[in-house]
Amino acid sequence: MDDLNVKNPPALKQFIPTPPRPPRQSKSGIFGTIRQRCFNSIGNSVLTLCVVAVLFYLVKHVLDWAVFNAVFIADNRRQCMDISPDGACWAGVISWFNGLIYGRFPVDEQWRVNVGVLLGLVWLLPLMSKRIPLRNVILLSWIGLYPFVGAYLFLGGRFGAELGWIHGVMTCLALAFLTIIYVNWILSALGKKGLNELFVPLVSRFVERRIHLLSFVAVWLLIALVMALVLNQVSLEPVAIERWGGLFLTFIIASFAITMAIPIGVVLALGRRSKLPVIHWLSMTVIELVRSVPLITVLFMAVTLLPIFLPADVEFNKLAQVLVAVCIFAGAYMAENIRGGLQAIPKGQYEAAATLGLGYLHTMALIILPQALRMMIPNIMTSFISLLKDTTLVSIIGLFDIMLMARNIANDKDWVGMHTEPLVMISVLFFLFCYSMSQYSLTLEKRLKVDR
Amino acid sequence: MMTSSGHLATKNTTNTAIKIDKLNKWYGDHHVLKDVSLDISEGEIMVVCGPSGSGKSTLIRSLNHLEDYQEGVVSVFGQPLSRDRQSHKIIHQTMGMVFQNFNLFPHLTVLQNCTLGLTWLRKMSERDADKMAMRLLDRVGIAQLATRYPGQLSGGQQQRVAISRSLAMEPKIMLFDEPTSALDPEMVKEVLDVMIDLAKTGMTMVCVTHEMQFAKQVADRVVFMADGEIIEVGPPEQVLVNPQWDRTKEFLQHVL
Ligand SMILES: Nc1ncnc2c1ncn2[C@@H]1O[C@H](COP(=O)(O)OP(=O)(O)OP(=O)(O)O)[C@@H](O)[C@H]1O
Ligand SMILES: [Mg+2]
Chain A
1 MDDLNVKNPP ALKQFIPTPP RPPRQSKSGI FGTIRQRCFN SIGNSVLTLC VVAVLFYLVK
61 HVLDWAVFNA VFIADNRRQC MDISPDGACW AGVISWFNGL IYGRFPVDEQ WRVNVGVLLG
121 LVWLLPLMSK RIPLRNVILL SWIGLYPFVG AYLFLGGRFG AELGWIHGVM TCLALAFLTI
181 IYVNWILSAL GKKGLNELFV PLVSRFVERR IHLLSFVAVW LLIALVMALV LNQVSLEPVA
241 IERWGGLFLT FIIASFAITM AIPIGVVLAL GRRSKLPVIH WLSMTVIELV RSVPLITVLF
301 MAVTLLPIFL PADVEFNKLA QVLVAVCIFA GAYMAENIRG GLQAIPKGQY EAAATLGLGY
361 LHTMALIILP QALRMMIPNI MTSFISLLKD TTLVSIIGLF DIMLMARNIA NDKDWVGMHT
421 EPLVMISVLF FLFCYSMSQY SLTLEKRLKV DR
Chain B
1 MMTSSGHLAT KNTTNTAIKI DKLNKWYGDH HVLKDVSLDI SEGEIMVVCG PSGSGKSTLI
61 RSLNHLEDYQ EGVVSVFGQP LSRDRQSHKI IHQTMGMVFQ NFNLFPHLTV LQNCTLGLTW
121 LRKMSERDAD KMAMRLLDRV GIAQLATRYP GQLSGGQQQR VAISRSLAME PKIMLFDEPT
181 SALDPEMVKE VLDVMIDLAK TGMTMVCVTH EMQFAKQVAD RVVFMADGEI IEVGPPEQVL
241 VNPQWDRTKE FLQHVL
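Chains A and B, in that order, are what the protein sequence lines are.
For the first sequence, UniProt numbering gives the first residue as 1, with consecutive numbering after it.
For the second sequence, UniProt numbering gives the first residue as 1, with consecutive numbering after it.
Extracted from the complex, chain A is given alone in its bound form:
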């Protein structure tokens, strides 16, 4: 490098960068764009006109059937036919709407379903905000604690009696946690310290390490105690699991499967890569077996075979069996997704982690899995969407989910033979859910890509 030095450099020209210039903007507006894109040649114009004509024809017929000729108020199918023979008979769907959503859940208790679902969503709401710290903890708390609150609301009974006192304690802890999340959110918006810091001065008198954690635990337990005293006065009408149904049941199964799919998938995927032969072969067998049979078979096996393996006095309800089956099914598919992500992580990441001294669990949990899961978000979301749709299969083994409720409408003596409308309605509902899931996955992807 040094030998490039020249004794007497000639006078250098000075470099002045060309000033930047804004990009050219199209001024033609929306009509100009349409003309440019759709009518820029004779062939293209003809094609555009044809497509418009077909679209018009289709949309008109659909709208005629679904809206203009449809009957919204009627007592039974006969009346519908009399009013408008070639329109949809939404009156039937409307009169069964409650059943489609809640199944056979007692009408007077349905507010509990609403409250339960709402609580679950409210719990997850902070995840949407980037400013909230420890969002992973919130997600974990949802997975670990929310089911207790949900189960209590949906099953009912006297608090702590029917479901046992452990369940009662967990419910109180869960509600206390949720309270802390939200109070902290409000406090931090006001610029104040979080609720969990309340006992820091007190705790720091007794111990020196983990002051903040202990203070948090103290506040948590205190609120839980208050919750327990309040809830102790409450007694909800018990509702048997057999009466759960409709979209509500579909949601329960799907969200259970979706939340369990990732942990099960991670365990199976890591197991499959394990160097220990027993673990490797076990994981591989589970993955390959489950992946090579249809979900229906897995469901049937769960309902008929599982009780055989279990001791006779263990009473296992159908829903629990189905949940186990769907979880294993979802986990096996997820395992392959995650394995794909793991394979894409370069060896250097493992080596860097190893030279820092991170062990297997730390390396996986902090370095490898976060990257692998991020990389696989589109695939994982696709699995989730098909999982949501697959859950409708549980109607075949006699759970009253939204599908079975819909088919029941056609057996109602007032609405005999009405198949189409409920199915259309379910399609629309599912489209809304699935489409929002895929949109969410897109935003998630974009948000995480910003990090790189």
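Since the hints were derived computationally from the structure, they do not count as laboratory data.
Each hint should be verified, as a subset may be incorrect.
From the derived model, a few chain A residues whose C-beta atoms are all more than 10 Å from chain B [stated by the list, open to error]: (1) Asn-44; (2) Ser-141; (3) Tyr-182; (4) Val-234; (5) Lys-275; (6) Gln-343; (7) Glu-351; (8) Ala-352; (9) Leu-358; (10) Leu-366; (11) Ile-367; (12) Arg-374; (13) Leu-393; (14) His-419.
Quick list of simulated restraints, FRET-style, between CB atoms [what the hints assert, rightly or not]: (15) Lys-89/B with Ser-188/A: 52 to 58 Å; (16) Arg-148/B with Leu-306/A: 26 to 32 Å; (17) Leu-187/A with Arg-127/B: 18 to 24 Å; (18) Leu-127/A with Gln-144/B: 28 to 34 Å; (19) Ser-75/B with Thr-382/A: 49 to 55 Å; (20) Asn-101/B with Val-137/A: 32 to 38 Å; (21) His-30/B with Pro-17/A: 51 to 57 Å.
For clarity, every value in this text was computed on a predicted model and none was experimentally measured.
Glycine included, each C-beta is placed from N, C-alpha and C at the ideal position.
Based on these hints, arrange chain B with the ligands on the given structure of chain A.
Quick look at chain B with the ligands alone, frame taken from chain A:
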């Protein structure tokens, strides 16, 4: 960048930091390390050079067990290493490594890359870890980039982060495997400057590098390897200016 007290640090050459004794390694039938023996003293700056495929990476990666070897013993501060937990602990407590292609964790910020080991392994509080990491980042001149992600940095900046990340674990020995080979010429200097500063603090360093200028400037000894063997060891004036073997001369003609 670094305090001037580093200049005055006297090198204590009595202690052996790493002792490599008759190391042999095969990839299948391919004999890549042949009876390699070498002593590295505490505080010594050792530069390893040699043609491509001569086994430099294999040697340096054998030291911290990223690579398995079939025969021979490596001792660190008098402790012979084996494959057990105890040896792993010694390795992680004493050695840090910097790679050719940085290997930063892309999903963590620069600061998080540096504090990861401190908070999870040392169980340091977040505040203390941040403080320590910021001091190191300041030392390599990129404190202002602490909240960026590795993908938003230039190669030279990434490599400096990688060096800080290793230093955060307070190693006694730093291993460098071609730290500047993946960098554009303009960025090589900023990384070498950091390494030169580090050398002045009395850190024991083993560097695989083709930067002969760096070797001449800071190396205490230079090792020349070819075909899995150490051919020459000695002070840079001797090996680089006045080599004893034709193989070394040939290589130097290519590099210099
Ligand atoms: N995973 C592997 N499997 C088989 N052979 C390997 C493997 N890794 C390295 N080798 C061989 O071992 C020899 C030494 O490789 P090594 O990477 O140590 O060379 P190097 O001196 O670092 O070269 P470079 O300067 O190109 O990095 C080479 O001949 C290479 O082909
Ligand atoms: Mg190499």
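Tested hints:
1. Every Cβ of chain B is farther than 10 Å from the Cβ of Asn-44/A; the closest lies at roughly 41 Å, confirming the non-interface assignment.
2. No beta-carbon of chain B comes within 10 Å of the beta-carbon of Ser-141/A; the shortest separation is about 20 Å.
3. Chain B leaves Tyr-182/A outside its interface by the beta-carbon criterion, the shortest separation being 24 Å against a cut-off of 10 Å.
4. Residue-level check passed: Val-234/A sits 40 Å from the nearest beta carbon of chain B, beyond 10 Å.
5. The non-interface label for Lys-275/A is consistent with chain B: the shortest C-beta to C-beta separation is roughly 14 Å, beyond 10 Å.
6. With a closest Cβ-Cβ approach of about 17 Å to chain B, Gln-343/A is found to remain outside the 10 Å limit, as its non-interface label requires.
7. Distance check on Glu-351/A: its Cβ comes as close as 5 Å (rounded) to a Cβ of chain B, failing to clear the 10 Å threshold; non-interface status is violated.
8. Listed as outside the interface, Ala-352/A is inconsistent with that label: its C-beta sits roughly 4 Å from the nearest C-beta of chain B, within the 10 Å cut-off.
9. Annotated as non-interface, Leu-358/A brings its C-beta within 10 Å of a C-beta of chain B; the closest such distance is 7 Å.
10. The beta carbon of Leu-366/A sits about 7 Å from the closest Cβ of chain B, which is not more than 10 Å, so the claim that it is off the interface is violated.
11. For Ile-367/A, the condition that its CB be more than 10 Å from all CB atoms of chain B is violated, with the nearest at approximately 6 Å.
12. With a least beta-carbon separation of about 7 Å from chain B, Arg-374/A fails to lie farther than 10 Å from that chain, contradicting its non-interface assignment.
13. Here Leu-393/A stays apart from chain B, with its beta-carbon at least about 36 Å from theirs, past the 10 Å limit.
14. A cut-off of 10 Å between C-beta atoms confirms that His-419/A is not in contact with chain B; the least separation is 49 Å.
15. About 41 Å separates the C-beta atoms of Lys-89/B and Ser-188/A, a value inconsistent with the hinted range of 52 to 58 Å.
16. One distance hint, 26 to 32 Å for the beta-carbon pair Arg-148/B and Leu-306/A, is violated here, with the actual separation near 52 Å.
17. For Leu-187/A paired with Arg-127/B, a C-beta distance near 21 Å keeps the hint of 18 to 24 Å intact.
18. For the pair Leu-127/A and Gln-144/B, the beta carbons lie near 31 Å from each other, so the given range of 28 to 34 Å is met.
19. Taking 49 to 55 Å as the suggested C-beta distance range, the pair Ser-75/B and Thr-382/A conforms, at roughly 53 Å.
20. With their beta carbons about 34 Å apart, Asn-101/B and Val-137/A fall inside the hinted range of 32 to 38 Å.
21. Hint check: His-30/B to Pro-17/A, Cβ distance near 53 Å, so the stated range 51 to 57 Å holds.
Hints 7, 8, 9, 10, 11, 12, 15, 16, counting from the list given before, are not met by this structure.
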